[in-house]
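S.K.: Which chain is which? The protein sequence lines are A and B, in order. Just so we're aligned, residue 1 is where the first sequence starts under my numbering, counting upward by one. Just so we're aligned, residue 1 is where the second sequence starts under my numbering, counting upward by one.
None of these hints come from the bench; they were simulated from the model. Backbone N, C-alpha and C fix where the C-beta goes; we use that ideal spot for every residue, glycine too. Among the clues, some could well be false.
[Stated by the list, open to error] If you anchor each label on the Cβ, the simulated ranges turn out as follows:
no.: 1; chain 1: A; residue 1: Glu425; chain 2: B; residue 2: Ala158; range: 52 to 62 Å
no.: 2; chain 1: B; residue 1: Ser104; chain 2: A; residue 2: Glu578; range: 50 to 60 Å
no.: 3; chain 1: B; residue 1: Asp175; chain 2: A; residue 2: Glu702; range: 42 to 52 Å
no.: 4; chain 1: A; residue 1: Asp30; chain 2: B; residue 2: Ser19; range: 37 to 47 Å
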Amino acid sequence: MSINTKIIGRSVPRIDGRDKVTGAAKYTGDIKFPNMLFGKILTSPHAHARIISIDTSAAEALPGVKAVITHKDVPDIKYGISPARWDENIFCIDKVRFVGDKVAAVACTDEETCYKALKLIKVEYEVLPAVLDFRKAMDAGMPQVHDEYPKNINVEIHQEFGDIEKAFKEAHLVRTDAFLGNRAYQSPIEPHSATSLWDGDKLTVYSSTQSPHYFQYYIAREFGMDMGNVRVVKPYVGGGFGGKMEPTGLEFAGAVLAKLTGRPVRMFFDRHEMFAHNRGRHAQYMEITTGVTKDGKILGAHSNFMMDGGAYTSLGIATAYYAGALLPLTYEFDHYKFDLFRLYTNLPACGAQRGHGAPQPKYAFESHLDNVATELGIDPMDIRILNARRPETVTPNDFAIHSCELTQCLTRARIISNWDAKKKEGGMPKGHGIGVSTGSFVSGAGYPIYRTDLPHSAVVIKVNEDGTSATLYTGAPDIGQGSDTVLCQMAAEAMGFHYEKMKIIAADTETCPMDLGAYASRLTLMTGAACKSAGEEIKKSLLEMASSMLHLPPDDLECEDAIIYSKSRDGKALTFQEVARKHFVLKGPLIGKGSYNPPKLGGKFKGSPVGTSPAYSFGVQVGEVKIDEETGEIEAVGFWDVHDCGTVVNPRLLHGQVHGALSMGMGESVWEEVLFDDEGRIKNPDLANYRILTALDMPPVESEIVESYEDIAPWGVKEIGEGSTNPTMGCFSNAIYDAMGVRVYSLPLSYEKVWRALKEKREREHGGKE
Amino acid sequence: MYLPDFDYHSPESLDEALSLLAGLGSGAKVLAGGTDLLHKMKQGDLAPEALVSLKGLDELKGINYVEGRGVVIGALSTQNDILYSEVLAKKYPSVSHAAKKMASNQIRHLGTVGGNIVNAVPSADLPPILIALGATITLASTSGKREMALEDFFVEPASSVIEEGEILTEVAIPDGGFTGSSYHKFGLRRSGALAVVGVAVSARVENGVIQEARIVCASSAPKVIRAPKAEEFITGKTSAPDTLAELQAIVESEVRPRDSIRGSAEYRRNLAGVLAKRALIDAVESGHGIHAED
Numbered sequence: 001m002s003i004n005t006k007i008i009g010r011s012v013p014r015i016d017g018r019d020k021v022t023g024a025a026k027y028t029g030d031i032k033f034p035n036m037l038f039g040k041i042l043t044s045p046h047a048h049a050r051i052i053s054i055d056t057s058a059a060e061a062l063p064g065v066k067a068v069i070t071h072k073d074v075p076d077i078k079y080g081i082s083p084a085r086w087d088e089n090i091f092c093i094d095k096v097r098f099v100g101d102k103v104a105a106v107a108c109t110d111e112e113t114c115y116k117a118l119k120l121i122k123v124e125y126e127v128l129p130a131v132l133d134f135r136k137a138m139d140a141g142m143p144q145v146h147d148e149y150p151k152n153i154n155v156e157i158h159q160e161f162g163d164i165e166k167a168f169k170e171a172h173l174v175r176t177d178a179f180l181g182n183r184a185y186q187s188p189i190e191p192h193s194a195t196s197l198w199d200g201d202k203l204t205v206y207s208s209t210q211s212p213h214y215f216q217y218y219i220a221r222e223f224g225m226d227m228g229n230v231r232v233v234k235p236y237v238g239g240g241f242g243g244k245m246e247p248t249g250l251e252f253a254g255a256v257l258a259k260l261t262g263r264p265v266r267m268f269f270d271r272h273e274m275f276a277h278n279r280g281r282h283a284q285y286m287e288i289t290t291g292v293t294k295d296g297k298i299l300g301a302h303s304n305f306m307m308d309g310g311a312y313t314s315l316g317i318a319t320a321y322y323a324g325a326l327l328p329l330t331y332e333f334d335h336y337k338f339d340l341f342r343l344y345t346n347l348p349a350c351g352a353q354r355g356h357g358a359p360q361p362k363y364a365f366e367s368h369l370d371n372v373a374t375e376l377g378i379d380p381m382d383i384r385i386l387n388a389r390r391p392e393t394v395t396p397n398d399f400a401i402h403s404c405e406l407t408q409c410l411t412r413a414r415i416i417s418n419w420d421a422k423k424k425e426g427g428m429p430k431g432h433g434i435g436v437s438t439g440s441f442v443s444g445a446g447y448p449i450y451r452t453d454l455p456h457s458a459v460v461i462k463v464n465e466d467g468t469s470a471t472l473y474t475g476a477p478d479i480g481q482g483s484d485t486v487l488c489q490m491a492a493e494a495m496g497f498h499y500e501k502m503k504i505i506a507a508d509t510e511t512c513p514m515d516l517g518a519y520a521s522r523l524t525l526m527t528g529a530a531c532k533s534a535g536e537e538i539k540k541s542l543l544e545m546a547s548s549m550l551h552l553p554p555d556d557l558e559c560e561d562a563i564i565y566s567k568s569r570d571g572k573a574l575t576f577q578e579v580a581r582k583h584f585v586l587k588g589p590l591i592g593k594g595s596y597n598p599p600k601l602g603g604k605f606k607g608s609p610v611g612t613s614p615a616y617s618f619g620v621q622v623g624e625v626k627i628d629e630e631t632g633e634i635e636a637v638g639f640w641d642v643h644d645c646g647t648v649v650n651p652r653l654l655h656g657q658v659h660g661a662l663s664m665g666m667g668e669s670v671w672e673e674v675l676f677d678d679e680g681r682i683k684n685p686d687l688a689n690y691r692i693l694t695a696l697d698m699p700p701v702e703s704e705i706v707e708s709y710e711d712i713a714p715w716g717v718k719e720i721g722e723g724s725t726n727p728t729m730g731c732f733s734n735a736i737y738d739a740m741g742v743r744v745y746s747l748p749l750s751y752e753k754v755w756r757a758l759k760e761k762r763e764r765e766h767g768g769k770e
Numbered sequence: 001m002y003l004p005d006f007d008y009h010s011p012e013s014l015d016e017a018l019s020l021l022a023g024l025g026s027g028a029k030v031l032a033g034g035t036d037l038l039h040k041m042k043q044g045d046l047a048p049e050a051l052v053s054l055k056g057l058d059e060l061k062g063i064n065y066v067e068g069r070g071v072v073i074g075a076l077s078t079q080n081d082i083l084y085s086e087v088l089a090k091k092y093p094s095v096s097h098a099a100k101k102m103a104s105n106q107i108r109h110l111g112t113v114g115g116n117i118v119n120a121v122p123s124a125d126l127p128p129i130l131i132a133l134g135a136t137i138t139l140a141s142t143s144g145k146r147e148m149a150l151e152d153f154f155v156e157p158a159s160s161v162i163e164e165g166e167i168l169t170e171v172a173i174p175d176g177g178f179t180g181s182s183y184h185k186f187g188l189r190r191s192g193a194l195a196v197v198g199v200a201v202s203a204r205v206e207n208g209v210i211q212e213a214r215i216v217c218a219s220s221a222p223k224v225i226r227a228p229k230a231e232e233f234i235t236g237k238t239s240a241p242d243t244l245a246e247l248q249a250i251v252e253s254e255v256r257p258r259d260s261i262r263g264s265a266e267y268r269r270n271l272a273g274v275l276a277k278r279a280l281i282d283a284v285e286s287g288h289g290i291h292a293e294d
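The following block holds chain A by itself, in its conformation from the complex (with noise of 0.2 Å):
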């Protein structure tokens, strides 16, 4: 279906693409406030250790040092995503759970004395062996991470759709394959910081976020405040991924900290110590095992994982649902079970990561449907188109498809990649191979973050006195992705206004209405919803408004380009411009207002909320890549992206999306796992030796859309800024298969493992030579 639009479609420049390209774009860092602290966070040394004592006196006596506090001086109030897994405190009280936990906290005049101070605090500790291999966790005799949880099993999983083994039993192929995750961290070029600071008994926060909302309603719950009396303010945010999503400890700290010195304080954290709090991707261990038939149809399949879930819980329930309940989205199937652990280590904690628990499962399963097609003889893209989704369909876990044009996108992706060609003998030059994978995401989750019935989604749109602009405001936090320029395109067109003229205070919890925040995907599709809604209420007033100056009914009136019409006679119109100023001085204001909640979805099972989504995007990637036999360096020789996302708001970003996501997949693909020590310590903290990648590491990108329209969305909008990540490594993983005829079973497929698999694959056939 196509639609008539004169903003959506447009690549407009971005709104904040001046301040941001100039410098002039103020960060949370940037901020400044007069008689302004500096705070900073101790964390432990230790993976493990009961804490004997803690001795603030000689950081106290330092001259620069305001305060120092522990957790004597904060609330002991457990919070975490869900009430039974709270299970995180601002300070550590009895135990240190990982190198990195919090135990104090400073505020000192300058950020040198901060760091002075910290050395100043002795904790005596009681080191405890600690967990630190996932895959152990659950074994008799290892140490306790939490006392309240046993067996170190954080969340545990077990569902089945349909009848497994009788689709098993009557398969002609049943095969399982294992694969290994790594740790990646989505390392965000600005760190956290907050910025803390009263007036009375009212909080204001300075946060670099994804979710104010979620922010200020966990700082009001720490502390017992009204959400009224917390303000949390979004200021430019320098990239998230899934990394800003929950309390840092920053704004606790910083709050208590502001509080008893009456003075502003800004926290942050330094490169390492963001690698320390992490809240990056999960390392999964995953068994994939299949039923096909001798054409390759898929039958039934069983997802068995187990997550590093780190000390603490963070998102990580919704990872783990996540993790398998996505996997059924991209080929039809009617039987599936899916078994997880997600188990407590004395290690950073893992949290939602762009793609939010999906992109490892899908290397898992897309590596192994690409074992499948060799065994039987099929073409990888044959086997996919075989199994593709379609429309109108509902997976086995009771997720309702609408909108879906994956056999479309793999079909264009064949064709602008050169598949067919280059799959022939000799179709590419020596040691290049090629290598295809699906995706699918949510354009926002079905059900909020926490237990609430607030709406998702609320926007408020004022035109401005003299009718020559108009504000949006809204709670959606733009960290980068480009919502503010998308939802002000969606404004504009609601309302048959000019994106030109407007403008947006977003991201402010106490000038905008609320948004539950950036993550899910949900931002387009959702707040795009309320824009829509409340720019069709400022026009309704316009029209009604124009239809006392023209003397016409409003239904034969229309707005379009700021200018309102008789769709009837010619010559008879009146300007957006004039007729809002009437309205202000007839009428007063001229406000639209906006709200979106989604339709009750999904099945009655145990977690059946997670995955759910009005509508799903979904993709296929191609990529070529080179393999130097020698030494295993893969260098990525194109790469194609073919991507269902309903209707396009600004091509432009999309596209920027596309590219964005890319290299963050190819980074977890082969190059990006936060390493660690014996004693659980990080061992490459840093931008240097956590490699992820450069401009000059991209390969050649063409990204295409299909067409596609979601009945469900605003304007048929679907996601695109986290299902891009999703097909990335099983792409590769399939690529680097393709060309050397070995599979590389643990991300990130490194040189060293590729070059090591091709050895070994060597001293094999040499061996039966012999």
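Start from chain A and add chain B according to the hints.
M.R.: Then chain B, alone, in the frame of chain A:
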């Protein structure tokens, strides 16, 4: 992270710098680009009482061809000075190429050749190609100057024969008998990556026969090392595939890498052999020029 407190001296001539250093003794460190030194100080690994900055010493800058001495590179030349030097582009593009493979553009604007040498890390990118070309260095102190082969400078990681009060002032690549040279670095991404292994090779080739060769390996032992058995093996031979396969195996047997977070000893050993072979092919086939692939 913050720098510890220190006294800062900014002499305006080499003589002044040397007198200052002599007076300050062991508590002083020489500051050139600072890309290693300041980082170590911020990490708390070093806390010198005083820094003597060479930034004002124009006499240590410049890359020139000097008749009778060869290409003379001032110790304060940055990695980008080396990368963009017209003299080197003409005489030894292989040296410029080694500089290009270092760090990132921002760091190459600061880091100096002198610092890259004096730091004495086994993964440094410039020493292998300079040693392969037979470079000498000049060390100055209040008691005079001494010149030595760069090859004899390194002792072990972060340790060299430089003495207290000495400043490295220049590096000279003598006009020599080598007809070709090349440096191959294996990093784990295309920018901002330390060498997992780096190998430089120089060769004097007549009628396709290698008359003399140097094979110098970085990140392959506690210091930058030559592979004498491999050098001896290749002398008098051509770069035929079978010969190269043997060469590769000999280099593998000569290096002594350790396990690190960038690669296992076994992997690095393999890389040294592969890179030596590839660098030799370039040195034989492309002179001092840059191989097409790079």
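S.K.: Which earlier hints can't be squared with this structure?
M.R.: none
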